[in-house]
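Add chain B to chain A, keeping to what the hints say.
Number of protein chains: 2
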Amino acid sequence: MRDRFAPRPGESRLTEVLGADATLAFIGRVRSAWRLDDCPKNLRQARKRGGGNARLELAAPFRAGLEGLSPGDALVLLYWMDRAPRDLIRQHPRHRDAPAGTFALRSPARPNPVALAVVRCVSLDSDAGVVGIDAIDAVDGTPLLDIKPWLPTVDLPPEELPER
Amino acid sequence: MRDRFAPRPGESRLTEVLGADATLAFIGRVRSAWRLDDCPKNLRQARKRGGGNARLELAAPFRAGLEGLSPGDALVLLYWMDRAPRDLIRQHPRHRDAPAGTFALRSPARPNPVALAVVRCVSLDSDAGVVGIDAIDAVDGTPLLDIKPWLPTVDLPPEELPER
Numbered sequence: 033m034r035d036r037f038a039p040r041p042g043e044s045r046l047t048e049v050l051g052a053d054a055t056l057a058f059i060g061r062v063r064s065a066w067r068l069d070d071c072p073k074n075l076r077q078a079r080k081r082g083g084g085n086a087r088l089e090l091a092a093p094f095r096a097g098l099e100g101l102s103p104g105d106a107l108v109l110l111y112w113m114d115r116a117p118r119d120l121i122r123q124h125p126r127h128r129d130a131p132a133g134t135f136a137l138r139s140p141a142r143p144n145p146v147a148l149a150v151v152r153c154v155s156l157d158s159d160a161g162v163v164g165i166d167a168i169d170a171v172d173g174t175p176l177l178d179i180k181p182w183l184p185t186v187d188l189p190p191e192e193l194p195e196r
Numbered sequence: 033m034r035d036r037f038a039p040r041p042g043e044s045r046l047t048e049v050l051g052a053d054a055t056l057a058f059i060g061r062v063r064s065a066w067r068l069d070d071c072p073k074n075l076r077q078a079r080k081r082g083g084g085n086a087r088l089e090l091a092a093p094f095r096a097g098l099e100g101l102s103p104g105d106a107l108v109l110l111y112w113m114d115r116a117p118r119d120l121i122r123q124h125p126r127h128r129d130a131p132a133g134t135f136a137l138r139s140p141a142r143p144n145p146v147a148l149a150v151v152r153c154v155s156l157d158s159d160a161g162v163v164g165i166d167a168i169d170a171v172d173g174t175p176l177l178d179i180k181p182w183l184p185t186v187d188l189p190p191e192e193l194p195e196r
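Protein sequences, first through last, are from chains A and B.
The first sequence begins at 33 in our numbering and counts up by one.
The second sequence begins at 33 in our numbering and counts up by one.
Okay, chain A solo, but in the shape it has when bound (with noise of 0.2 angstroms):
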């Protein structure tokens, strides 16, 4: 993926402050029929190739979480673009006219590049760590570190500005 971000012009590079402020665990990995060349570039590009065979994959000290999941669930996943470049903080993206700051953009590549799908899950078995899901935009073998229930009460952007 490094070649896909070589420098553009406009574009900046963050030096020396991509410290270990925290770590993260992996608590599993993405399953998809997905590889680096031909992955898609969000989920709605997934959902219209038909998914493929998306699933999560927990180790085994992390299935017990998985504990009042059920098929149908709305879920929100992040995962860790582990191949994309942290020090780009103004990047060109292909598909647009002008540079952008990286918090204005989806890019996988940002200093803390995880990841973020909202999708259905469709299959669970707990037992062996397994949750279908409808689709995924990420590369067979994506380490995954979290799973949440999506809520529409706090998931969704309030719709009017409050009086500050």
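Some hints could be false.
A pair counts as met if it fits within one copy or between any two copies, since identical chains are not told apart.
Said to hold, decoys possible - The calculated lysine to any residue pairs, modelled on SDA-like cross-linking and capped at a C-alpha distance of 25 angstroms, are:
1. Lys-73 to Leu-101
2. Lys-80 to Val-108
3. Lys-80 to Arg-118
4. Lys-73 to Pro-190
5. Lys-80 to Ala-92
6. Lys-80 to Thr-55
7. Lys-80 to Pro-190
8. Lys-80 to Gly-42
9. Lys-73 to Pro-189
10. Lys-80 to Val-171
11. Lys-73 to Leu-188
12. Lys-80 to Val-186
13. Lys-73 to Thr-185
14. Lys-80 to Ser-155
15. Lys-73 to Ala-96
16. Lys-73 to Arg-126
17. Lys-73 to Pro-175
18. Lys-73 to Gly-84
19. Lys-73 to Glu-99
20. Lys-73 to Glu-191
21. Lys-80 to Pro-39
22. Lys-73 to His-127
23. Lys-73 to Trp-182
24. Lys-73 to Arg-40
25. Lys-80 to Glu-191
26. Lys-80 to Trp-182
27. Lys-73 to Asp-157
Everything labelled a hint here was simulated from the structure, so no lab data went into it.
This is chain B only, laid out in the frame that chain A set:
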């Protein structure tokens, strides 16, 4: 916060699997009116209590990443719940009748304590690295990990289950 997470009947803890598979960089801090003993438990509660002059303060190297954001934008925030224990894999929140798996809950106590909030940007000073937001359910000083644009095309659950 550890006292709030003292063991309760039916809870389970992870042991020796919370290693350092990857590292995070803190890009800034969440600023809020909340202390540990009066922090809203979720975004809905935070909004009811008036927002608390919530804002994000980015460290200088990361401020260039704000280019392209504007007041009114819906944002996804990821932040690090640095006071939460990471070893609770089954837990019994006070508001529930029985214990449940951590991945079926939005508790800050989880293997990777990365919290997620979908908020509205209400003001922006890119040079100072300050992003005003409508509300947040995090204690003042909570480490910030990421800002992403919220996109309805990918951040809403799919309405229907796909054929498998």
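Query raised in the report: When no copy is specified for Lys-73 and Pro-175, does a C-alpha distance of 25 angstroms or less occur within a copy, between copies, both, or neither?
Result: Close inside one copy (17 angstroms), not across copies (28 angstroms); limit 25 angstroms.
Query - Homomeric proximity label, Lys-73 with Leu-188: Cα distance no greater than 25 angstroms - result: This pair counts as both: shortest intra-copy Cα distance 23 angstroms, inter-copy 17 angstroms.
Report task. Using 25 angstroms as the alpha carbon limit, work out where Lys-80 and Ala-92 are close: within a copy, between copies, both or neither. Result -> neither (32 angstroms within a copy, 40 angstroms between copies)
Query - Status of Arg-40 relative to Lys-73 across identical chains (alpha carbons, at most 25 angstroms) - result: For Lys-73 and Arg-40, the Cα distance is within 25 angstroms only inside one copy (19 angstroms; across copies 43 angstroms).
Query - Intra- versus inter-subunit Cα pairing at 25 angstroms for Lys-80 with Pro-39 - result: neither (31 angstroms within a copy, 45 angstroms between copies)
Query raised in the report: What label fits Lys-80 with Val-186 when the C-alpha limit is 25 angstroms: within, between, both, or neither?
Result: Between copies only: 12 angstroms across, 27 angstroms inside.
Requested in this report: Please work out whether the CA atoms of Lys-73 and Glu-99 approach to 25 angstroms or closer within one copy, between two copies, in both situations, or in neither?
Outcome: Between copies only: 22 angstroms across chains, 31 angstroms inside a chain, cut-off 25 angstroms.
Requested in this report: With 25 angstroms as the alpha-carbon cut-off, assign the pair Lys-73 and His-127 to within, between, both or neither.
Outcome: Classified as within; 11 angstroms inside a copy, 39 angstroms across copies.
Requested in this report: Pop the pair Lys-73 and Ala-96 into one bin, within, between, both or neither, using alpha-carbon distances up to 25 angstroms.
Outcome: So Lys-73 and Ala-96 pass the 25 angstroms test across copies only (24 angstroms; inside, 32 angstroms).
Report task. State whether the alpha carbon distance between Lys-80 and Arg-118 is at most 25 angstroms within one copy, between copies, both, or neither. Result -> neither (29 angstroms within a copy, 37 angstroms between copies)
Query raised in the report: With identical chains treated as interchangeable, where does the CA-CA distance between Lys-80 and Thr-55 reach 25 angstroms or less: within a copy, between copies, both, or neither?
Result: Neither. Shortest intra-copy (35 angstroms) and inter-copy (33 angstroms) distances fail the 25 angstroms Cα cut-off.
Requested in this report: Please work out whether the CA atoms of Lys-73 and Glu-191 approach to 25 angstroms or closer within one copy, between two copies, in both situations, or in neither?
Outcome: between (28 angstroms within a copy, 21 angstroms between copies)
Violated hints, in rising order: 3, 5, 6, 8, 21 and 27; the structure is consistent with all others.
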